[in-house]
Amino acid sequence: MLTRETIGPVGWIKIFLGCNMSDYKHMRASIRAGAQKGSVPKSEYVNLFQHTLDEQFYNASNWYQILEETEIGSKEYKPVDVRISHVINAETGLKLGDDWKTLYFKSTEEPPMLGRIYTFDDNIWLTTNIEAEKNLTNTCTIRRCNNTLRWLDEGTGVYYEEPCAIEYLVKEPRDYATQGSPFKTPGGFLHIEAQFNSRTNLINENQRFLFGNPGHWTGYRVLGTGLNDFRNTKTYDWRSTKLLTIDMIADFVNNELDDIVNGIANAGINLYTLNIVKNNILGNPNNVVQMDAIVTYNGHTTTRNIIWQSSDTNVATVDSNGIVLFKAIGECTLIAHIEGNPTFDTCAVTCIEGNDAIVLEVKANPSTNYILEGETKTFNVYLYANNIQQDAKFEFTCITNGVPLDNFTFTSGSVPGNQFTIENKEKYIEAPLTIRALTDAMVKHIDIYLRGAWISGDVP
Amino acid sequence: MTETQWIGLSAYNDFTQFSNMSYNCISTLITKSELVWKLLRYTSSDAWNKPDLSIEEKGVMIYSGQEDSSKYNVFMDGKQPDVLMDETTLLRIMPSYAYGINRTVGVIRVTMEVFSHYKINHLSNYKTRIDSIAQELLRVFNGIDIGGVGLMTFSEMGDESNRLFQAGQIPFGGKQLVFSTYSA
Chain S
3 MLTRETIGPV GWIKIFLGCN MSDYKHMRAS IRAGAQKGSV PKSEYVNLFQ HTLDEQFYNA
63 SNWYQILEET EIGSKEYKPV DVRISHVINA ETGLKLGDDW KTLYFKSTEE PPMLGRIYTF
123 DDNIWLTTNI EAEKNLTNTC TIRRCNNTLR WLDEGTGVYY EEPCAIEYLV KEPRDYATQG
183 SPFKTPGGFL HIEAQFNSRT NLINENQRFL FGNPGHWTGY RVLGTGLNDF RNTKTYDWRS
243 TKLLTIDMIA DFVNNELDDI VNGIANAGIN LYTLNIVKNN ILGNPNNVVQ MDAIVTYNGH
303 TTTRNIIWQS SDTNVATVDS NGIVLFKAIG ECTLIAHIEG NPTFDTCAVT CIEGNDAIVL
363 EVKANPSTNY ILEGETKTFN VYLYANNIQQ DAKFEFTCIT NGVPLDNFTF TSGSVPGNQF
423 TIENKEKYIE APLTIRALTD AMVKHIDIYL RGAWISGDVP
Chain U
289 MTETQWIGLS AYNDFTQFSN MSYNCISTLI TKSELVWKLL RYTSSDAWNK PDLSIEEKGV
349 MIYSGQEDSS KYNVFMDGKQ PDVLMDETTL LRIMPSYAYG INRTVGVIRV TMEVFSHYKI
409 NHLSNYKTRI DSIAQELLRV FNGIDIGGVG LMTFSEMGDE SNRLFQAGQI PFGGKQLVFS
469 TYSA
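Chains S and U supply the protein sequences, listed in that same order. First residue of the first sequence: 3, per our numbering; consecutive thereafter. First residue of the second sequence: 289, per our numbering; consecutive thereafter.
Isolated chain S, as found in the complex (with noise of 0.2 Å):
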């Protein structure tokens, strides 16, 4: 029985060899290319290929171990061997320089990969070119990576840099001075190549970039047909594409809002704070506690992924809800940050024998600390006492740091209680109204802004 491959969905193309063909599907690879015509004896031939390249593989000059990454965008390598020789322009027939090299694999049963990186020399290369589809050696071109795209992730703040190689030109750089343009604006394109992996294909149109050096950077904008992410090195699977190009075109800097030093564009638009609600905890052995954790985005409260951890499990473990449990006499600290973003808090723990640690924490919900126009939120507030609600009342005072008494109403009841309530009747940008929540055992102050009717620069 024949062995079936298939290389693509049935299609309405049909292939008459002079024998009873089936679908374009079931065609068999081997017929395809022609393996099994005659008698040739094709593995006998790849073995001694194979064989003269083990022996002779090391006797050059020009064989070097190199690092290879291992998957695509792992950024994890394994050393290979490899020769290394020089690469010629096709069209001008000359040598390319140091940017350009042929690597020559030993083995000629590990295809090389178009995308893959390597490492040697203090570079980055990416491949750019493969040859091994039918081929008895395995080869590849590789491109010097010759700069990083940085930036910063809008909905995450998570840092990103990755190499890429970017052609040697600037194409058409040119001061435009339209009729109608009050000012000459800049001109001129970049034509890069990066890696697709899952780090590059959050680039999107119109995301700036900055080259150069920090005492001068040049701005360059994707343009809308700029990325090329659709080179599959399989037909129908679009997961195969490996390489990704840019088309940039200059674009303009931002010296306050970027990060001029680094080289990162929109880097003071992403702000992100993180606040865990209790300074430090204290418990007893067993003991559970839950942390909270208010994240902000450009001063609104919002939501991110928080990772949890604990310096030391042997005192207090932490899950990633952020319950902790106390587990031995001692000290540690617990470690929260947004998942990919550096930016952090920490909570000191002490775990204490006997039965008298008590944590007091007064919390409001919802935790947000806005108000849009036209909205009348309530807040709930609780005093918890080792992580259980307490009864205690609150009497709560409004302090309006200059917020116009005609923008809002404040209602809190005549006695104590658990309840307040804000009216936005208009907005207010200057400063947040301060809610303070007093009980026997603390204070708490809850800043409330007044926001108009759409929180003013979020993340869609």
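Honestly, the hints are just simulated from the structure, not real lab data. Bear in mind the structure is a predicted one, so any value in this text is a computation, not a measurement. Take the hints with a grain of salt, since some may be wrong.
Claimed, not checked - As a list, the in silico BS3-like pairs of lysine-lysine whose alpha-carbon atoms are at most 30 Å apart:
| hint | chain 1 | residue 1 | chain 2 | residue 2 |
| --- | --- | --- | --- | --- |
| 1 | S | K429 | U | K359 |
| 2 | S | K186 | U | K359 |
| 3 | S | K236 | S | K280 |
| 4 | S | K280 | S | K446 |
| 5 | S | K427 | S | K446 |
| 6 | S | K429 | U | K415 |
| 7 | S | K186 | U | K407 |
| 8 | U | K367 | U | K407 |
| 9 | S | K108 | S | K236 |
| 10 | U | K415 | S | K173 |
| 11 | S | K173 | S | K97 |
| 12 | U | K415 | S | K186 |
| 13 | S | K427 | U | K338 |
| 14 | S | K379 | U | K407 |
| 15 | S | K379 | S | K329 |
| 16 | S | K77 | S | K108 |
| 17 | S | K108 | S | K44 |
| 18 | U | K338 | U | K407 |
| 19 | S | K429 | S | K446 |
| 20 | S | K427 | U | K415 |
| 21 | U | K338 | S | K429 |
| 22 | U | K320 | S | K429 |
| 23 | U | K338 | S | K446 |
| 24 | U | K407 | S | K429 |
| 25 | S | K173 | U | K407 |
| 26 | S | K365 | S | K379 |
| 27 | S | K379 | S | K427 |
| 28 | U | K320 | U | K367 |
| 29 | S | K173 | U | K320 |
What the hints assert, rightly or not - Simulated restraints, written as ranges between beta carbons of each label pair:
| hint | chain 1 | residue 1 | chain 2 | residue 2 | range |
| --- | --- | --- | --- | --- | --- |
| 30 | U | D370 | S | K236 | 29 to 39 Å |
| 31 | S | L225 | U | D370 | 17 to 27 Å |
| 32 | U | L426 | S | I325 | 26 to 36 Å |
| 33 | S | Y238 | U | Q457 | 39 to 49 Å |
Stated by the list, open to error - In silico negatives: residues of chain S with every beta carbon more than 12 Å from chain U:
| hint | residue |
| --- | --- |
| 34 | E46 |
| 35 | H53 |
| 36 | T54 |
| 37 | K77 |
| 38 | L96 |
| 39 | R146 |
| 40 | T180 |
Positions of the beta carbon are idealized from the N, C-alpha and C atoms, including for glycine.
Given chain S, work out where chain U should sit, using these hints.
Frame of chain S, contents of chain U only:
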């Protein structure tokens, strides 16, 4: 031979203040508005909420013939040849047109242009940078003495050209305001 006196020579309009208009307006703006300077200086969306600038800080934003005009924000003319490489905001104030009503009284039109890179135009206080500056210019200069005869005005009673309209082109959009004052 009898010499005949030129009767009424001193009664002709010499537009004495014409060349002072830009300076008078900018110096007025230094003392009469803090918001405009903050919006010109800071590119962040909370520029309106930044601390006020000192007079020295305002002064270094005004172009006065340096090599690269793209590093400045305030100009006394409307012709900058240097390519802009930064997301910035610019204000240009200049006398743009003048005519004589009669031999002794004339009208000087003063044009004020504000341009902002589109990426920094929106502010966090639910306003745009260009409109905020334009409004501030109206507030400061409509009905103020900047050296003409009477007050500078933004009114068709003063001159039919007085108006505000869109200006600029992507990526630098803007507004243009035309004020007028009498000169004698």
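Now the hints, each set against the structure:
Using a Cα cut-off of 30 Å, the hinted pair K429 (chain S) and K359 (chain U) is violated, with the two alpha carbons roughly 36 Å apart. Proposed proximity of K186 (chain S) and K359 (chain U) is supported: the alpha carbons are some 13 Å apart, at most 30 Å. Taking the CA atoms of K236 (chain S) and K280 (chain S), the gap is near 53 Å; set against the 30 Å cutoff, the hint is violated. Between the alpha carbons of K280 (chain S) and K446 (chain S) the distance comes to roughly 12 Å, so the proposed pair stays at or under 30 Å and holds.
Between K427 (chain S) and K446 (chain S) the CA atoms are separated by roughly 25 Å; this keeps the pair inside 30 Å, and the hint holds. In summary, the hint linking K429 (chain S) to K415 (chain U) is supported, as the alpha carbons are separated by about 13 Å, within the 30 Å threshold. For a cut-off of 30 Å, the pair hint linking K186 (chain S) to K407 (chain U) stands: about 17 Å separates their Cα positions. Restraint check: the Cα-Cα separation between K367 (chain U) and K407 (chain U) comes to about 23 Å, which is no more than 30 Å; the hinted pair holds.
For the suggested pair K108 (chain S) and K236 (chain S), the alpha carbons sit about 25 Å apart, so the restraint of at most 30 Å is met. Proximity of K415 (chain U) to K173 (chain S) is assessed by CA-CA distance (about 38 Å); at most 30 Å being required, the pair is judged violated. Distance restraint check for K173 (chain S) and K97 (chain S): the Cα-Cα separation of roughly 23 Å lies within the 30 Å cut-off, and the hinted pair is therefore satisfied. Straight-line distance between C-alpha atoms of K415 (chain U) and K186 (chain S) comes to about 27 Å, which keeps the hinted pair within the 30 Å bound.
Only pairs whose Cα atoms come within 30 Å are accepted, and K427 (chain S) paired with K338 (chain U) is accepted, the gap being roughly 25 Å. Only pairs whose Cα atoms come within 30 Å are accepted, and K379 (chain S) paired with K407 (chain U) is rejected, the gap being roughly 33 Å. The straight-line distance between the Cα atoms of K379 (chain S) and K329 (chain S) is roughly 40 Å, outside the 30 Å bound, and the hint therefore fails. For a cut-off of 30 Å, the pair hint linking K77 (chain S) to K108 (chain S) stands: about 23 Å separates their Cα positions.
For the suggested pair K108 (chain S) and K44 (chain S), the alpha carbons sit about 19 Å apart, so the restraint of at most 30 Å is met. Annotation: proposed proximity of K338 (chain U) to K407 (chain U) holds, straight-line Cα distance about 19 Å (limit 30 Å). Our distance criterion of 30 Å between C-alpha atoms is met by K429 (chain S) and K446 (chain S), whose separation comes to about 24 Å. With a CA separation close to 18 Å, the supplied pair K427 (chain S) and K415 (chain U) stays within the 30 Å bound.
With a C-alpha separation of about 19 Å, the suggested pairing of K338 (chain U) with K429 (chain S) holds against the 30 Å cut-off. Restraint check for K320 (chain U) and K429 (chain S): the C-alpha separation of about 26 Å stays at or below 30 Å, so the hint holds. For the hint linking K338 (chain U) to K446 (chain S), the alpha-carbon distance of about 28 Å falls within 30 Å, and the restraint holds. A threshold of 30 Å between alpha carbons decides the hint, and for K407 (chain U) with K429 (chain S) the separation of about 24 Å falls inside it, so the pair holds.
Between K173 (chain S) and K407 (chain U) the CA atoms are separated by roughly 25 Å; this keeps the pair inside 30 Å, and the hint holds. Straight-line distance between C-alpha atoms of K365 (chain S) and K379 (chain S) comes to about 16 Å, which keeps the hinted pair within the 30 Å bound. As the CA atoms of K379 (chain S) and K427 (chain S) are separated by approximately 12 Å, the hinted pair is consistent with the 30 Å bound. Our distance criterion of 30 Å between C-alpha atoms is met by K320 (chain U) and K367 (chain U), whose separation comes to about 26 Å.
Restraint check: the Cα-Cα separation between K173 (chain S) and K320 (chain U) comes to about 47 Å, which exceeds 30 Å; the hinted pair is violated. The beta-carbon spacing between D370 (chain U) and K236 (chain S), approximately 51 Å, falls outside the hinted interval of 29 to 39 Å. For L225 (chain S) and D370 (chain U), the Cβ-Cβ distance of about 25 Å falls inside the hinted range of 17 to 27 Å, so the restraint holds. Between L426 (chain U) and I325 (chain S), the C-beta spacing of about 58 Å breaks the proposed range 26 to 36 Å.
Look at Y238 (chain S) against Q457 (chain U): about 45 Å separates their beta carbons, and that is inside 39 to 49 Å. The beta carbon of E46 (chain S) sits about 65 Å from the closest Cβ of chain U, which is more than 12 Å, so the claim that it is off the interface holds. No Cβ of chain U approaches the Cβ of H53 (chain S) within 12 Å, the least distance being about 61 Å, so the stated non-interface status holds. With a cut of 12 Å on Cβ distances, T54 (chain S) stays outside the contact zone with chain U, its closest approach being about 58 Å.
No Cβ of chain U approaches the Cβ of K77 (chain S) within 12 Å, the least distance being about 32 Å, so the stated non-interface status holds. Every C-beta of chain U lies more than 12 Å from that of L96 (chain S), the closest at about 35 Å, which supports listing it as non-interface. For R146 (chain S), the shortest C-beta to C-beta distance to chain U comes to about 28 Å, beyond the 12 Å cut-off, and the non-interface label holds. Consistency note on T180 (chain S): stated as away from chain U, yet its beta-carbon is not over 12 Å from all of that chain's, at 7 Å minimum.
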